[in-house]
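*Asks:* Chain residues, written in single-letter form:
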Amino acid sequence: MTIERHYDDEALISFLESGDQLAARRDHHLATCRACAESLTEYRAIADVLGVEAVWDLRDLRSEPVPSTIANLRAFATQMADEDATAAVYLSELLAGARETWMPRLAQHPEYRTAGVVRKLIEATDHALDTMPPDAVEIANLAVDIAEGLDPASYASDTVMKLRGAAWREKAYALFYVGNYAIANEAICAAESHISNCLVDAYDRARVDLVRALIYRPLERPTEALKLITASARVFEFFGDEAQVRTATESAAYLLTSTGDYRAAIDKFSAILAGAERAGDLATQARLHMNIGGCLRELHDVTRAMERFQISAELYEEAGVPTEALRNRWNIARLLQASGQVVVAAQRLSEIHTSFLSLGMPGAAVLVGLDLAEIFIFQGKRAEVEKICQQAIAELQRSGLAYSERAMTALAYLREAVAQSEVSVPMVNHVREYIRRLPQEPRRLFAPMYAEMS
Amino acid sequence: MAVKPKSEQKPTPADDVETLYIQHRNLLMYVACRKFRISESDAENLIQEVFLSFLQTGTKIENVRAWLVAAMCNASRHYWRAQGRTEALPDDFNDHSDPGSHGLAEQFALQMTVRQALKYLQPRCRETLWLHYFEGRSAVDVARELETTNRYAEKLIHNCLKRVREIYMNITAVNR
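Same order as they appear, the protein sequences are chains A and B.
Following this note's numbering, the numbering of the first sequence begins with 1 at its first residue and continues without gaps.
Following this note's numbering, the numbering of the second sequence begins with 1001 at its first residue and continues without gaps.
Just so you know, the hints here were simulated from the structure itself, not pulled from any lab data.
For clarity, every value in this text was computed on a predicted model and none was experimentally measured.
Don't be surprised by glycine CBs; every beta carbon is placed ideally from N, CA and C.
Certain hints may be false.
[Said to hold, decoys possible] Listed next, with one range per pair, are the computed distances between beta-carbon atoms:
id	chain 1	residue 1	chain 2	residue 2	range
1	B	E1106	A	E53	12 to 22 angstroms
2	B	Q1023	A	E318	31 to 41 angstroms
3	A	R59	B	E1145	48 to 58 angstroms
4	B	E1145	A	T41	25 to 35 angstroms
5	A	E224	B	I1022	41 to 51 angstroms
6	A	S14	B	R1081	37 to 47 angstroms
7	B	D1141	A	T41	21 to 31 angstroms
8	B	Q1023	A	G320	33 to 43 angstroms
[Claimed, not checked] When the alpha-carbon atoms are kept at most 25 angstroms apart in a straight line, the in silico SDA-like pairs for lysine to any residue are as follows:
id	chain 1	residue 1	chain 2	residue 2
9	B	K1162	A	D84
10	B	K1162	A	R406
11	B	K1162	A	S14
12	B	K1162	A	E53
13	B	K1060	A	D84
14	B	K1162	A	L40
15	B	K1155	B	R1126
16	B	K1119	A	Y43
17	A	K387	A	R398
18	B	K1155	A	S14
19	A	K387	A	S350
20	A	K227	A	S270
21	B	K1162	A	A24
22	B	K1155	B	R1144
23	B	K1119	A	A47
24	B	K1155	A	E17
Produce the entire structure from the sequences given, and follow the hints as far as they go.
*Replies:* Now the structure itself:
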């Protein structure tokens, strides 16, 4: 038996001094002996550091903590905790009842206008997005309103600027979520203008840029979005925030789907999924399964796509996120429809339509209605199609969505076609595609189908 | 479906902030004063600002030291831009380092410890390491500068590097 001896320091330093890293990599003992390899790495790290100028400045730095800094930080933390505790009480009062009552109530209660309430409102938007997205938009509006009215001089340092930036970022995300992309883009610009006034801005800017990238995707600016995501990921790495790095990676995968590179997107989503499963993060697992399902659908792998959507819906239910569970059920129903199982699909779409309305998501409800209309035309139930159009117009009138009027024009065209017995499946698809794109392109004019085909 | 950035707002208790400040202050001071050449009094103010930002992040910070060091670099760059001057800054002022290869916080911690180790070295040893590793002089050049033989200069370089590593190991063993 051959006993291999470790390298001594002289030998290791000789490797280092030779400057030939390949020689070290090729060396059999270094390749198999962890202790020697680690010692060489340590020597190399120290030698590298000796090349840094700052290391050679040997003047002493004051090492004692400064009492006034400690006092200031303690005072700030205590004030923040006290404000947040009071804000929790205010919040339950402020957000009582219908969302239309919240802003008038805020106007009557100047005591609600604190940094703590802004922080609590920002926190509340997350939950609202999962349960009632239009509430999230209004909650973010409240946060912005309060933050904009705070006096920066009454708070330490950049507190107010950071809060304003965070409130606008939250508003941008909520608007993006409900499909108001153009206004979301304006909100994210406001967020950036506040953050850029802060002394420590890189981390918050990266968070802003990540939301901006999400908004750019439906605005069909994928190249800029990918650049923003890559830059944000680098900042998050710099700040040692692995969770945000994963978020950025997911955003990049999401973006790949918009460029049609579904296989690359699946690879990225799957890589993050393994980590989410290890961490037991249900919401993230659900989101990733849904995105993988979407990619598989585009690759015409219907069976596997439906499996993923089903898993996602169940995980979302378990995680208490009904809006997303519903989107998955919608995806499944559409796949059933596409595969010819129209009776089951119609039943499911009808239930999903009702659920979207009860969750305050009229834009999605209208699109589901049009899926149903397609089935009814196929089944020869024209009266049902007309009813869907009327109902959708009424829903849009109530919704206050920025693109309501244009969508109503398209639906009126469809209703007219039904009345004239000229309605067809391609016509429904034409209207649905127009309405689907409206959130991204709210100024897009509706063109009747014959005009577009001519 | 889009990725959702979570907001998590949990106030940091005053005692925890004080502990974090005491734990990380010297490293942040090193970053500001040595990497960015900011005066100690101004650096102390920046450290306070960095901690105030940390308290307001609104997300759960996994790696506090990395976050604070990155924020300190960010604040230091802003400091100099606000001063409207960059001529006194090191060449790598805008170097964000390569976070993928080695954590920035770890790099600075390593620098700080090696700097401390250098203080314990004999002046001749320090000079040898300075000439060879900082100025990049060959063993022959070092021998000329120190008025000795090439062979002895090589031996000196090896011994001094070995010695600085020993001290480094002792310091990190104490800190562990």
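*Asks:* Could you grab the alpha-carbon distance between B:K1119 and A:Y43 and see if it respects the 25 angstroms cut-off?
*Replies:* Distance ~18 angstroms between B:K1119 and A:Y43 Cα, so the pair holds.
*Asks:* Okay, A:E224 versus B:I1022 on CB: inside 41 to 51 angstroms?
*Replies:* holds (43 angstroms)
*Asks:* Has the given pair, B:K1119 with A:A47, been kept, meaning a C-alpha gap of at most 25 angstroms?
*Replies:* holds (16 angstroms)
*Asks:* Is the gap between the beta carbons of B:E1145 and A:T41 within 25 to 35 angstroms?
*Replies:* For A:T41 against B:E1145, whose Cβ atoms are near 29 angstroms apart, the range 25 to 35 angstroms holds.
*Asks:* Under the criterion that the straight-line Cα-Cα distance not exceed 25 angstroms, is the pair B:K1155, A:E17 satisfied?
*Replies:* It holds: about 12 angstroms lies between the C-alpha atoms, which stays within 25 angstroms.
*Asks:* With the threshold set at 25 angstroms, check whether the alpha-carbon distance from B:K1162 to A:R406 stays at or below it.
*Replies:* With a Cα-Cα distance of about 76 angstroms, the restraint between B:K1162 and A:R406 is violated, given a limit of 25 angstroms.
*Asks:* Could you grab the alpha-carbon distance between B:K1162 and A:A24 and see if it respects the 25 angstroms cut-off?
*Replies:* Judged against 25 angstroms, a Cα distance of about 18 angstroms means the pair holds.
*Asks:* Would you mind confirming whether the straight-line C-alpha gap from B:K1162 to A:E53 stays at or under 25 angstroms?
*Replies:* Satisfied, since the Cα-Cα distance of roughly 20 angstroms is no more than 25 angstroms.
*Asks:* With the threshold set at 25 angstroms, check whether the alpha-carbon distance from B:K1060 to A:D84 stays at or below it.
*Replies:* holds (17 angstroms)
*Asks:* Is it true that B:E1106 and A:E53 lie within 12 to 22 angstroms of each other by Cβ?
*Replies:* holds (19 angstroms)
*Asks:* Between A:R59 and B:E1145, is the Cβ distance one that fits in 48 to 58 angstroms?
*Replies:* violated (24 angstroms)
*Asks:* Given a hint of 33 to 43 angstroms, does the C-beta separation of B:Q1023 and A:G320 actually sit inside it?
*Replies:* About 37 angstroms separates the Cβ atoms of B:Q1023 and A:G320, which means 33 to 43 angstroms holds.
Hints 3, 9, 10 from the list above are not met by this structure, while the remaining hints are.
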